[in-house]
Amino acid sequence: MSFKTIVDIFLNNWPMFLRGAGMTLFISIIGTIVGLIIGLCVGIIRTIPIPERGPKRTLLLVINKILSIYIEFFRGTPMIVQSMVIFYGTAQAFGVQMNRVFAALLIVSINTGAYMSEIVRGGIVSIDKGQFEAAQAIGMTHLQTMTNVVMPQVIRNILPATGNEFVINVKDTSVLNVISVTELFFQTKSIAGATFKFFEPYFITSIIYLIMTITITRILRSIERRMDGPANFIMAGNQMQVERPEDIVRKKQGQ
Amino acid sequence: MERVIDVQHLSKTFGTNEVLKDIDFSVNKGEVVSIIGSSGSGKSTLLRCINLLEKPTSGKIIYNGKNILDHAHDIYAYRTKLGMVFQQFNLFNNHDVLSNCTVGQIKVLKRSKEEAEEIALKYLKNVGMEKYIHAKPKQLSGGQKQRVAIARALSMEPDVMLFDEPTSALDPEMVGEVLKVMKELAESGLTMIVVTHEMGFAKEVSDRVIFMDKGVIAEEGTPEEIFNSPKQERTKEFLYRILKEV
Ligand SMILES: Nc1ncnc2c1ncn2[C@@H]1O[C@H](COP(=O)(O)OP(=O)(O)OP(=O)(O)O)[C@@H](O)[C@H]1O
Ligand SMILES: [Mg+2]
Numbered sequence: 000m001s002f003k004t005i006v007d008i009f010l011n012n013w014p015m016f017l018r019g020a021g022m023t024l025f026i027s028i029i030g031t032i033v034g035l036i037i038g039l040c041v042g043i044i045r046t047i048p049i050p051e052r053g054p055k056r057t058l059l060l061v062i063n064k065i066l067s068i069y070i071e072f073f074r075g076t077p078m079i080v081q082s083m084v085i086f087y088g089t090a091q092a093f094g095v096q097m098n099r100v101f102a103a104l105l106i107v108s109i110n111t112g113a114y115m116s117e118i119v120r121g122g123i124v125s126i127d128k129g130q131f132e133a134a135q136a137i138g139m140t141h142l143q144t145m146t147n148v149v150m151p152q153v154i155r156n157i158l159p160a161t162g163n164e165f166v167i168n169v170k171d172t173s174v175l176n177v178i179s180v181t182e183l184f185f186q187t188k189s190i191a192g193a194t195f196k197f198f199e200p201y202f203i204t205s206i207i208y209l210i211m212t213i214t215i216t217r218i219l220r221s222i223e224r225r226m227d228g229p230a231n232f233i234m235a236g237n238q239m240q241v242e243r244p245e246d247i248v249r250k251k252q253g254q
Numbered sequence: 000m001e002r003v004i005d006v007q008h009l010s011k012t013f014g015t016n017e018v019l020k021d022i023d024f025s026v027n028k029g030e031v032v033s034i035i036g037s038s039g040s041g042k043s044t045l046l047r048c049i050n051l052l053e054k055p056t057s058g059k060i061i062y063n064g065k066n067i068l069d070h071a072h073d074i075y076a077y078r079t080k081l082g083m084v085f086q087q088f089n090l091f092n093n094h095d096v097l098s099n100c101t102v103g104q105i106k107v108l109k110r111s112k113e114e115a116e117e118i119a120l121k122y123l124k125n126v127g128m129e130k131y132i133h134a135k136p137k138q139l140s141g142g143q144k145q146r147v148a149i150a151r152a153l154s155m156e157p158d159v160m161l162f163d164e165p166t167s168a169l170d171p172e173m174v175g176e177v178l179k180v181m182k183e184l185a186e187s188g189l190t191m192i193v194v195t196h197e198m199g200f201a202k203e204v205s206d207r208v209i210f211m212d213k214g215v216i217a218e219e220g221t222p223e224e225i226f227n228s229p230k231q232e233r234t235k236e237f238l239y240r241i242l243k244e245v
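Which chain is which? The protein sequence lines are C and U, in order. Numbering (numbering that gives the first Met the number 0) for the first sequence: 0 to 254. Numbering (numbering that gives the first Met the number 0) for the second sequence: 0 to 245.
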């Protein structure tokens with residue numbers, strides 16, 4: 000065990016590490032995006048005001064029940080177990096094996112979706128009632144209220160939680176090695192098996208995971224800042240605006 | 000005189016709490032009606048029933064000769080005809096000042112962006128906020144927010160404006176700027192229903208004052224009648240209490 004062995008192992012196996020990292024990123028990006036979309040849909044449906052009577056009421060109640068079972072199930076069981084059940088379960092039920100990468104995407108997406116549903120629902124519930132009322136008072140329908148007023152605020156508010164889910168996904172895709180998806184952990188296991196070295200490959204892998212998660216966190220922070228816009232606003236129609244030195248500097252940097 | 004809104008036998012109960020009891024109330028075109036009364040008397044609930052933010056338990060609301068509580072009625076179109084100003088402003092946090100005043104015009108009234116912006120600017124000028132079009136709500140003071148909220152409601156070009164204690168959440172030094180705008184609107188001939196604790200405003204600006212107590216209209220009359228020679232004992236009591244406070 001030495002620094003040299005680590006470097007050697009990396010130099011000899013870097014294409015495998017890289018492919019593994021690529022697969023991990025691919026699954027976690029797609030999984031997070033699809034999960035977010037699922038979460039937005041489920042969260043919105045679960046916050047539709049339930050009418051006092053009528054068939055729409057029954058329909059909504061049934062849908063809500065199904066959705067809460069979905070959320071409970073996927074939040075309440077480990078992803079490693081879900082992977083086994085879904086991958087081997089479908090193989091047994093239909094006699095065909097699912098494509099492993101497809102299975103991985105499916106598992107991560109619906110798992111993330113379950114968490115995001117609750118995050119989105121919390122985000123919607125936390126929006127001040129006055130925002131809904133003001134939108135209704137100018138004649139907006141529920142859908143118009145959601146798309147023009149509520150959801151833009153919700154999306155901004157849940158961005159940190161979404162980033163968190165993304166980071167968790169990067170790490171948790173490692174459990175997919177149980178269904179032999181060639182993500183980073185699986186690749187590392189192969190390298191360790193081939194070289195009979197354990198510390199070094201896993202050490203390299205831990206660094207790769209760290210680089211991925213830190214980079215993602217940074218990128219998301221900058222997206223948040225961009226969404227917040229500038230801290231100050233410009234007075235309209237003020238032709239004689241005096242440019243302060245810091246403004247000029249900022250403008251130059253922006254170019 | 001042309002009636003804009005005519006409320007008949009309106010009742011509202013929350014659970015077993017009967018908040019409005021058989022209210023009859025109407026507003027004529029160009030009239031400014033102030034609603035006063037102690038806390039919990041049902042003033043806000045009445046206003047919120049008029050634009051259907053609360054669903055009345057029974058009664059009728061006649062607008063343009065039609066009962067808008069009939070199921071067939073398009074409540075979204077009706078609401079565009081009523082401008083609402085809230086105590087807590089409720090500006091859309093994700094929109095800047097200009098866009099607060101245009102989003103309803105564009106999405107609900109289907110006006111073009113250019114037309115909507117022109118109309119919005121006209122009303123923002125009226126309330127003295129045209130320089131702040133790029134500001135987000137959180138960058139404004141309370142008085143400025145409320146003036147933008149008034150411009151937002153006016154931009155829909157409603158038939159009636161409803162104000163629910165528009166100055167109650169403001170610091171004292173900002174009350175004046177909002178009342179000034181409202182007074183100008185009243186003088187321009189806009190039809191207004193104003194729930195207020197500002198007795199000076201009610202006395203000076205309104206054509207008619209309604210005193211509500213425990214879910215009923217206890218007394219109704221011109222400002223002189225209500226403030227100078229109230230008939231009901233409870234009106235006298237309320238005025239005595241509230242005028243002593245200031
Ligand atoms: N959503 C609600 N659910 C249950 N009760 C309510 C609801 N809204 C209002 N009430 C009750 O209705 C009564 C009248 O309330 P309302 O807000 O109309 O009074 P108000 O005259 O506007 O008082 P204030 O001057 O304090 O604003 C109160 O007793 C209140 O508790
Ligand atoms: Mg009130």
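Honestly, I wouldn't trust all of these hints.
[Unchecked claim] Distance condition first, Cα-Cα at most 25 Å in a straight line; then the derived DSS-like pairs of lysine-lysine:
#, chain 1, residue 1, chain 2, residue 2
1, U, Lys179, U, Lys213
2, C, Lys128, U, Lys80
3, U, Lys124, C, Lys55
4, C, Lys55, C, Lys196
5, U, Lys202, U, Lys28
6, U, Lys137, U, Lys202
7, U, Lys109, U, Lys59
8, C, Lys128, C, Lys3
9, U, Lys54, C, Lys128
10, C, Lys128, U, Lys65
11, U, Lys28, U, Lys80
12, U, Lys243, C, Lys128
13, U, Lys106, U, Lys124
14, U, Lys202, U, Lys213
15, U, Lys20, U, Lys179
Honestly, the hints are just simulated from the structure, not real lab data.
Lys128 (chain C) paired with Lys3 (chain C) [C-alpha distance capped at 25 Å]: Judged against 25 Å, a Cα distance of about 62 Å means the pair is violated.
Holds or violated: Lys54 (chain U) to Lys128 (chain C), with C-alpha atoms at most 25 Å apart: Since the Cα atoms of Lys54 (chain U) and Lys128 (chain C) sit roughly 16 Å apart, the hinted pair holds (cutoff 25 Å).
25 Å Cα cutoff - pair Lys137 (chain U), Lys202 (chain U): Between Lys137 (chain U) and Lys202 (chain U) the Cα gap is close to 33 Å, so the pair fails against 25 Å, i.e. violated.
Restraint check for Lys20 (chain U) with Lys179 (chain U), where alpha carbons must lie at most 25 Å apart: 34 Å, violated
Given hint Lys196 (chain C) paired with Lys55 (chain C) - CA-CA distance at most 25 Å: Measuring from Cα to Cα gives roughly 62 Å; hence the hint is violated.
Restraint status (C-alpha distance of Lys109 (chain U) to Lys59 (chain U) at most 25 Å): Violated. Lys109 (chain U) to Lys59 (chain U) sits at ~29 Å, over the 25 Å cutoff.
Given pair status - Lys65 (chain U), Lys128 (chain C), alpha carbons within 25 Å: Since the Cα atoms of Lys128 (chain C) and Lys65 (chain U) sit roughly 30 Å apart, the hinted pair is violated (cutoff 25 Å).
Given hint Lys128 (chain C) paired with Lys243 (chain U) - CA-CA distance at most 25 Å: Roughly 34 Å between the alpha carbons, so the hint for Lys243 (chain U) and Lys128 (chain C) is violated.
Given pair status - Lys55 (chain C), Lys124 (chain U), alpha carbons within 25 Å: Judged against 25 Å, a Cα distance of about 45 Å means the pair is violated.
Holds or violated: Lys202 (chain U) to Lys28 (chain U), with C-alpha atoms at most 25 Å apart: Holds - the C-alpha atoms of Lys28 (chain U) and Lys202 (chain U) are around 19 Å apart, at most 25 Å.
Pair hint Lys202 (chain U) and Lys213 (chain U), alpha-carbon separation not exceeding 25 Å: 22 Å, holds
Holds or violated: Lys28 (chain U) to Lys80 (chain U), with C-alpha atoms at most 25 Å apart: Status holds; Cα separation ~13 Å.
Violated hints for the displayed structure, listed by number in ascending order: 1, 3, 4, 6, 7, 8, 10, 12, 15.
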